[in-house]
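S.K.: Take a look at the letters that make up each chain.
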Amino acid sequence: MTAQLESSPVTSVDVELQHQIEQFLYLEARFLDERRFEEWLDLFSDDVHYWMPTRTVRYERELDKEFSASNEVAHFDENKRALEERVTRIRSGMAWAEEPPSRTRHMVHNVIIELGDSPSELLVRSNILLYRGRLDRDVDFFVGFREDVLRQSEDADYGWLIARRSIFLDQTLILAKNMSIFL
Amino acid sequence: MTAQLESSPVTSVDVELQHQIEQFLYLEARFLDERRFEEWLDLFSDDVHYWMPTRTVRYERELDKEFSASNEVAHFDENKRALEERVTRIRSGMAWAEEPPSRTRHMVHNVIIELGDSPSELLVRSNILLYRGRLDRDVDFFVGFREDVLRQSEDADYGWLIARRSIFLDQTLILAKNMSIFL
Amino acid sequence: MTAQLESSPVTSVDVELQHQIEQFLYLEARFLDERRFEEWLDLFSDDVHYWMPTRTVRYERELDKEFSASNEVAHFDENKRALEERVTRIRSGMAWAEEPPSRTRHMVHNVIIELGDSPSELLVRSNILLYRGRLDRDVDFFVGFREDVLRQSEDADYGWLIARRSIFLDQTLILAKNMSIFL
Amino acid sequence: MVVDIRGLVDAKQGTVDPRIYHDEEIYQQELKNVFARCWLFLAHDSQIPNPGDYVTTYMGEDPVLVVRKRDGSVGVFMNQCRHRGMRLCRADAGSAKSFSCSYHGWTYDLSGNLVGVPSEDDAYRNEINKAEWGAVKVPQVDNYRGFIFGTWDPSAPPLLDYIGDFRFYFDAFADRTEAGTELIGGAHRWVFPANWKFAAEQFCSDMYHAPISHASAVLALTPDDQDVDEEVFPMDGTKGRQFSSELGHGTGFFVESGDVLANIVGQKPADWFQGGNPEAIGRLGDARAERMRGAHATLFPNFSFLPGINTLRIWHPKGPNEMEVWAWTLVDKNAPADVREAQRIGTGRTFSVAGLFEQDDGENWSEIQRVLRGHIARRSSFNVQMGLGHEWDDDPDFPGKVNRVYCEMAARGFYKRWADMASGMSWDELMASVRKAVEVSG
Amino acid sequence: MVVDIRGLVDAKQGTVDPRIYHDEEIYQQELKNVFARCWLFLAHDSQIPNPGDYVTTYMGEDPVLVVRKRDGSVGVFMNQCRHRGMRLCRADAGSAKSFSCSYHGWTYDLSGNLVGVPSEDDAYRNEINKAEWGAVKVPQVDNYRGFIFGTWDPSAPPLLDYIGDFRFYFDAFADRTEAGTELIGGAHRWVFPANWKFAAEQFCSDMYHAPISHASAVLALTPDDQDVDEEVFPMDGTKGRQFSSELGHGTGFFVESGDVLANIVGQKPADWFQGGNPEAIGRLGDARAERMRGAHATLFPNFSFLPGINTLRIWHPKGPNEMEVWAWTLVDKNAPADVREAQRIGTGRTFSVAGLFEQDDGENWSEIQRVLRGHIARRSSFNVQMGLGHEWDDDPDFPGKVNRVYCEMAARGFYKRWADMASGMSWDELMASVRKAVEVSG
Amino acid sequence: MVVDIRGLVDAKQGTVDPRIYHDEEIYQQELKNVFARCWLFLAHDSQIPNPGDYVTTYMGEDPVLVVRKRDGSVGVFMNQCRHRGMRLCRADAGSAKSFSCSYHGWTYDLSGNLVGVPSEDDAYRNEINKAEWGAVKVPQVDNYRGFIFGTWDPSAPPLLDYIGDFRFYFDAFADRTEAGTELIGGAHRWVFPANWKFAAEQFCSDMYHAPISHASAVLALTPDDQDVDEEVFPMDGTKGRQFSSELGHGTGFFVESGDVLANIVGQKPADWFQGGNPEAIGRLGDARAERMRGAHATLFPNFSFLPGINTLRIWHPKGPNEMEVWAWTLVDKNAPADVREAQRIGTGRTFSVAGLFEQDDGENWSEIQRVLRGHIARRSSFNVQMGLGHEWDDDPDFPGKVNRVYCEMAARGFYKRWADMASGMSWDELMASVRKAVEVSG
Ligand code: FES
Ligand code: FES
Ligand code: FES
Ligand SMILES: [Fe+3]
Ligand SMILES: [Fe+3]
Ligand SMILES: [Fe+3]
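Same order as they appear, the protein sequences are chains A, B, C, D, E and F.
Residue 108 in the UniProt record's numbering sits at position 108 of the first sequence, and the numbers go up by one each step.
Residue 10 in the UniProt record's numbering sits at position 10 of the second sequence, and the numbers go up by one each step.
Residue 151 in the UniProt record's numbering sits at position 151 of the third sequence, and the numbers go up by one each step.
Residue 246 in the UniProt record's numbering sits at position 246 of the fourth sequence, and the numbers go up by one each step.
Residue 394 in the UniProt record's numbering sits at position 394 of the fifth sequence, and the numbers go up by one each step.
Residue 374 in the UniProt record's numbering sits at position 374 of the sixth sequence, and the numbers go up by one each step.
Extracted from the complex, chain A is given alone in its bound form:
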């Protein structure tokens, strides 16, 4: 699957793999936008780490401190169970931030694939733009990039599982009343 058609200076990932991975990410986005959260959860491995650090404004010389470290606070620092709890919450009918439901649109961009640490893992980098409409007037854009580790899996419905997702937003101060969404 990760074999290459020919050597290329830009990327060694063949176009068929690129196609499959892009479709996988589009499918994931579609599950979220269609509120098929249980199917969405199934795309993640049981040992997934789903992480979005916080971010601060820093001068260039201290830019390494821009994102919170792994031992600091995060917007999301979730294992599979925590993701499931979030879905449980939304499904409760009393999650006011999502009742009435938000209208989300996940736009996946600039997908760059690299071979991962193990032969069955890929490192997938994508830009994400999430547009959220809520109630009659709320509009939010959540923009950033994601680094996913995708793991090939026989058991997975779609051949791959997301084993790690790190999300880096391009906002420091979050310009939204809440993040009742997934990225």
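If you're looking for bench data, these hints aren't it; they were derived computationally from the structure.
A couple of the hints might just be wrong.
Claimed, not checked - In silico lysine to aspartate or glutamate, EDC-like type, Cα no more than 20 Å apart, as pairs:
hint, chain 1, residue 1, chain 2, residue 2
1, E, 239, D, 122
2, B, 80, D, 341
3, D, 318, E, 322
4, D, 318, D, 25
5, D, 69, D, 142
6, F, 97, F, 109
7, F, 318, D, 23
These figures come from a predicted structure and were not determined experimentally.
Position chains B, C, D, E and F with the ligands relative to chain A; hints supplied.
M.R.: For chains B, C, D, E and F with the ligands alone, kept in the frame of chain A given last:
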């Protein structure tokens, strides 16, 4: 054309077809952004149904009533002739909402292809983000997804015709002074 | 490299080339978003012309005057040395518009490839959406399309060099306090 | 209050001071003296057929719930919890047994009575007087031919007095058959960056803008073999009438000419609306049921409709510089299926945020509003003089004060009423001036 | 000033006029009389451990620099150049030797003194008195147990007098061990389109909203074998206490029940916080170190925290209709590693912009605020009567004026203090009223 | 008017109250008393060479059309229809035979006269007095060396009196050759979230910010073998002059040093501008045509330019917290092609929204403005004392009140004039104070 390279759990659509369809949608977007409306019209079949329902805020348990039904009012509920009338209007030089012309940019995302009802038809799902600049200050984002039926056609200049387009916006209240655009 | 699998009515560009060029543009975007400006500069030929005209609101009959001409003023009208000076400026630590640094996200869309004037050149058209976060509250969207001339080059790290870039923004009045960014 | 609002409208000279569209202080007076006192359109019966059905809407900027109660009557009350002010219901429409606040769970019944308070015994020691803390109710609600109206003002005159001499014209829209009317499902809602009065006034009084503002739409929809000026939009204003009520309402229409309807929504609805419905002729007479064409109308202050095209809409104020348009399509309940279908499509295609006609109104109103940021721009009065002094009140077919169809008489009436109300004139004075006008003209 | 602010809060009857959340004039008074006079939380010692370390924050809407000086003390001064007003430092945090203005290069030392002026000789002829043109300094800065506070008002009472009888409760959070506390790195910051007082009041006084507002989060986090009403969030208000200070501060908590903490952050932190830390018991006694559960608290005006969950936050005002939340996670410096880790994750997962609990608060506050655009909406008072007249001040465990945990006594105290201050009451009067209240209740 | 504007500027002590940049009331006074009375730059002759050519621009916030009439003269009138206020022309520029309103079709000729009213006979009964309802015309328009100016105030003094003693310096930009100047096509337009006065004052009086604000650009453009401080931006202020006019105008420049121009736009334009144009030397003398370097200048209130670099711009006010910059590049009509080309590229590359220099100004101004949301931030005066009391008026080369180049004398002059005008001082008083100042200094 719809043959598949190999079976895959994510999608059965081969990468070459994906490429052709994406290029087709990009071409369509380009026609709109370059105001080549007559060429754009030629991409639609004579029996096209071009439809965008209205949308309301509903609680989850009544989410099936979110979009207006096919026998209710719509933002667009157009046949080919109606689309032509819209183009006639814009070309009149007196369509003030488009004179001076808006500046549009159609961004097509997350293209997912499924085989349609007939062997010569494809069901193509895409996310759309339309950025509109107008006069000096107006900026509007129209965001949502589209479900197209693409029909293979010998006669069509580009091999395909759009036989049906359904557009689902992610706004209920439209946050723009008009929709003098196409999606 | 530019050979075609088969003739198609939509595009004659084969999917492998499309893949390589898209990856090239994603790489370029990544260099910018990761502030790897020197690597970014290396993607441009020494004779590059990097150009973004200004734009005015015009009635349809004078739409040919919408963009400033090549002998008029431009937002960017840069040769390689000028691009280098811009990077020098940013690297100085005193470029206040970028100190603290902006957070950019370049989203490349709707890539359409055409064969260029010479066999080793491609004409690549792409829509671009640049999201910029700055300090705690600034958010800017720079949206438009780009026409690149990509030149195949043995010496280039990634096989291609950008020999010309023309950027056409969808704003006339720029709705941002500055354009301390690249598109 | 610094500004003398009555001085800003000179109906006698036909001038209006542009500050009425832009000034924040005037806007606050308007919310208080106009929107909190007038009868406002809330919903149509057909939107809430069953007990528990509700829609949410606004009266001025105040959100209200309009609910079908178990006894079939309609309850209207603030969509605001009396505890800490949370919006009780955040959906546009739906069906409910009661309304429970998402903040602390106070629960209100379909009439807005407070019926449940969590821990009422333990936390409140049963000392809270729930009867005192129900949602604020709209004190007067009435229903005219399926159209539900309400007013915040307990002393406002009855709805029919408020509609007054406009009823003759409203009936041509609302009272065509015994079966009545209904709204087609779905609604067009959008934001206009302009003062609501531009829209209300235009639908009240402005046939004059159509040939220019909507030239492109008329052109696109007119078959090649028709002459626009003669057949579709006659430029001869004597071929139509404008009516103005002292109560601020207004309407205008062609008579036996201006066959725009067939082009907009199709021949079948045009035939149905213009003579093809015998019951309507019986109820309304031929002037209203056969000969009226292309009418526009506003019921003061912000409820407008186009008989025939059958769009109806509210212009919700959202600050001096913005409004929301909420537009529906009305059909006769007993209209044939093809008429109904043509109307469903045709109305949306022409009068909606993407509508061939309405797109251009948006461009005009928003640019007028932007110009009013200027200091000089706000200093020169607008001209509202068309047809000044040429009205008559003895038309054989059309009662009340009428004029040619290209006219601004109804605009003068609209703004005069607005200025009287906005400046705080009492209902006694307001209704007395109407009676006096009717006497004088009568 | 048109509005009489004191008249807008009736603590005796338990009503609040909604204009206090919406009116621009009141807001400007608030900036002047509340935020420019109160002691405000600025930073925690652990954020700026080394000389030159700084954070930027706001006092009201005024940006300030909080800097660790070379002598170890903390300097606080306006983040505004005295020359033409440029923001001196545009980073959220960092380390610096001095602050040099990016406009013309005036340079300030770590105390805010103006120490460098380019071309001072040539351009200024050495006539500029640099001592006069230092950054505006915060005249009173104090540190209580690692928490750094400041006030613009040189005549404000000392910090400990300002904290007053709330100190007993603050200590349960801040003074658990000799080693003290520290903030975990990183912060949650986001924008709420609502008035800051909704948030401050809720953390001060509102246990009552939790079972409803946060029903979904409690449900998601509660193991299947637990009974929510009994074990997690007892609906019996006698099982907890609310405290209200005449100084405007307030807190509420369960006592020996309400085991929400284990579900939220895990069993280990719950054990640690609720009895597992012998040093804390020694310092605080068992009531505070073992039996308090699920507490919420606000130190007037805009500094709130949840002991146990250990989020702390500032509600920065940003106009009447908006606030920013800046939230951190606090840990005992000597807490075991697994406690610390559980707290780091659990706090962020529940109380942050993406937090399971806090998401829903955002929905409530923003919708309350939107409704206040309405004219009628601003005319009816909110109800703040829960537990009115039922307080006692002789609780064996919890000193001061207390009540059941589901109560609005602390809200009444908060709003009364706010109204007194916002209306411009002097510190003498403000503190006299406190002494009198203490005497009366004592 | 609550605020006493004159008290906000103390030119004697060199302080300015920051409220002048932030207060909405002051802003409205500014629109009325400054922008509706001053001579404002409208366009350059070369933008509208042929009859029918027009550009749209603003005077304050009022939109105007600037039109080349058939007789070659220029007409300027409100871009607002007198009927219902629609913007007559929505393009930035173009060519037209007349202007027809898109709302109801009223048509205006190139002078703004109302010449067509649809259905004038039928709808208006020919009773509308079209002569009364033309677009509001700018009563005074004048042209100085190709620069078109206008004022709303019929009683404003003539343009040349308004320019006054600044003309000597303006000529160095505008009157270099008999052939005159022209604008290169295209314009840079962008939005700054800051008060316009920050920009106008800086171009009037502020050489001092350049070495700091623009350090990165100077560095990037300076060849390695040059010493910035010595050759490019001398830090010795005696090497240049600042001039301040009682009329509010100001300029500053180096003399025979500060060779920044060659680095910015290239050696050829630098040579051409600094001595290479014999005709300029003949007309202007060597001080202005050879020895001036790196000049900045503002013609009160909001027209600024940089001689040599040859950007010129308007700072359009858009509320107290925002401006729009409209910037063009000027060239001598008879400049050699390579000079012209270097200027076209070099000016845009440095002074535009993406310009190496101007990017940083945007960062400074916008952050100053944001800080002014603070209550304390608005309470402390800004320091404008540089060079106070050290001016002279007998410079052999540079007439008028001058000082060293690093100075704030011209800022004091700018703000004094602004305060006098904004507070409503009459033209008689305004011009009398100028004469008196000239007498005193003369
Ligand atoms: S706000 Fe509705 S119950 Fe408290
Ligand atoms: S504004 Fe800071 S040095 Fe001038
Ligand atoms: S507004 Fe211009 S013609 Fe009516
Ligand atoms: Fe219209
Ligand atoms: Fe809460
Ligand atoms: Fe500058």
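S.K.: Indicate, hint by hint, whether the structure satisfies it.
M.R.: Comparing the hints with the structure gives:
{"no.": "1", "hint": "239(E) with 122(D)", "in the structure": "holds (11 Å)"}
{"no.": "2", "hint": "80(B) with 341(D)", "in the structure": "holds (17 Å)"}
{"no.": "3", "hint": "318(D) with 322(E)", "in the structure": "holds (18 Å)"}
{"no.": "4", "hint": "318(D) with 25(D)", "in the structure": "holds (14 Å)"}
{"no.": "5", "hint": "69(D) with 142(D)", "in the structure": "holds (14 Å)"}
{"no.": "6", "hint": "97(F) with 109(F)", "in the structure": "holds (7 Å)"}
{"no.": "7", "hint": "318(F) with 23(D)", "in the structure": "holds (17 Å)"}
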